[in-house]
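Place chain G with the ligand on chain F using the hints.
Protein chains in written order, with UniProt numbering: chain F, 1 to 188; chain G, 1 to 207.
Hints listed in this document are in silico derivations from the structure and should not be mistaken for laboratory results.
Any given hint could be a false lead.
Here are the in silico distance ranges between beta carbons for each label pair [claimed, not checked]:
no., chain 1, residue 1, chain 2, residue 2, range
1, G, A61, F, D73, 32 to 40 Å
2, G, V127, F, R48, 23 to 31 Å
3, F, E110, G, M153, 55 to 63 Å
Keep in mind that this is a model prediction, so the values were computed, not measured.
Using N, Cα and C, we set each Cβ at its ideal position, and we do this for glycine too.
This is what each chain is made of:
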Amino acid sequence: MKKLAVFLFAALLGATAQAAEYKIDTKGAHAFIQFRIKHLGYSWLYGRFDDFDGSFYYDDKAPEKSSVNVNIDVTSLNSNHAERDKHLRSADFLDTAKFPSATFKSTGFEPQGDGMAKLTGELTLRGVTKPITIDVTNIGGGKDPWGGYRQGFTGTAEFELKDFGIDYNLGPASQKVEMILDIEGIKI
Amino acid sequence: MSARNSDRHYGWVAIVLHWFMAPAIIGMFALGWWMRQLSYYDPWYRQGPELHKGIGILLLALLVFRLLWKWLNPAPAAEPRTPRWQALAARAAHGAIYLLLLAIMISGYLISTADGRAIEVFGWFSVPATIQGIANQEDIAGEIHEILAWTLMALVALHALAALKHHFIDRDGTLRKILGLHPKSVSSDNYPQPKATLTSATTTTSK
Ligand code: HEM
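So that you can see chain F by itself, here it is in the shape it has in the complex (with noise of 0.2 Å):
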């Protein structure tokens, strides 16, 4: 009986070696939550979410079934400059006293060949939960000299900050900002 459960167990390992969560390396910081905004229409400005951690499933022969979860540390924004990053902490903008964390859940994944997919689900920042689309690139995987495995995508997406409640004025050309997301989760 024992035999067979470790049997069983082993297969299903088998069956599942692509087909598996992932833990996303922030230990490792082989993942990336940057932002980019632009400053007066002049130049793109770059802030990035030091603190973070999340995880994925991803099955290379079913992606559709892909899904991911990550949880942000809002209070850790950083851009190079600590009386901006004061002030984009403060309630003028992501109010992050308030609103320490954001989310984001998926709800689906509609590849569109070639590695690419449509990645939807949910972000909920500075308490407002909003459904946004994530363009996903699966830049690729497998096993690492170490002993694990991996899987990396790049990905990005963008929105209003007024869909969030950040009415602040940048300015008519900073009115958007990009999301520049780059993962690399290790097979749990």
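This is chain G with the ligand only, laid out in the frame that chain F set:
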């Protein structure tokens, strides 16, 4: 007037420091409060904080000098009829004002230097960062800066009201002392009449 304090009078250094710094500090509060409300496209959006930081650093240097000066020049004694608890409360309040100022200036410095940037003082010199990289340093320092600035203003209001009470209710020489005027003689005969001739402003209380 002598530069140094005596046991009855403030010297001119203390008086000038007091009356130069008092409006500057209240102005700094107003500027700090005002500059935070400015819109991104306001011409003062960048200049306001530049001014606030520049004046703030200069005031910090002045405060350090003032504390040294105070250490070398004890304040004149309280007016003779002041109750002991009031004299002690006044000393505690003065000490608290100095401590608050120091803490406000240091916390302000820690906001702007949290990322390792130096503070530029009007293109004249810059003050480098020291403590940096504490998690969310700019937010914590900012919170402290704001709370202490309000506390300071409350204490400054109390301080000014106490001075006015001495002048108009107790009718003693407390306020006149820091104005560099001779102690008033009408309200008490605790003081020997000053030898110097009194100016007209000080002698109009004939009844
Ligand atoms: C006389 C002493 C000072 C007073 C009374 C004062 C007062 C204030 C006040 C009332 C604010 C607005 C707080 C808020 O609403 O969040 C403020 C903000 C600020 N102060 Fe000061 N301050 C002083 C000195 C300094 C110094 C020495 C520095 C730095 C060198 C400094 C840097 C700042 C910075 C960076 C802010 C934040 C602005 C922002 O977050 O938008 N302050 N100050």
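Hints, one by one, checked against the model:
| no. | hint | in the structure |
| --- | --- | --- |
| 1 | G:A61 with F:D73: 32 to 40 Å | holds, 38 Å |
| 2 | G:V127 with F:R48: 23 to 31 Å | holds, 28 Å |
| 3 | F:E110 with G:M153: 55 to 63 Å | holds, 58 Å |
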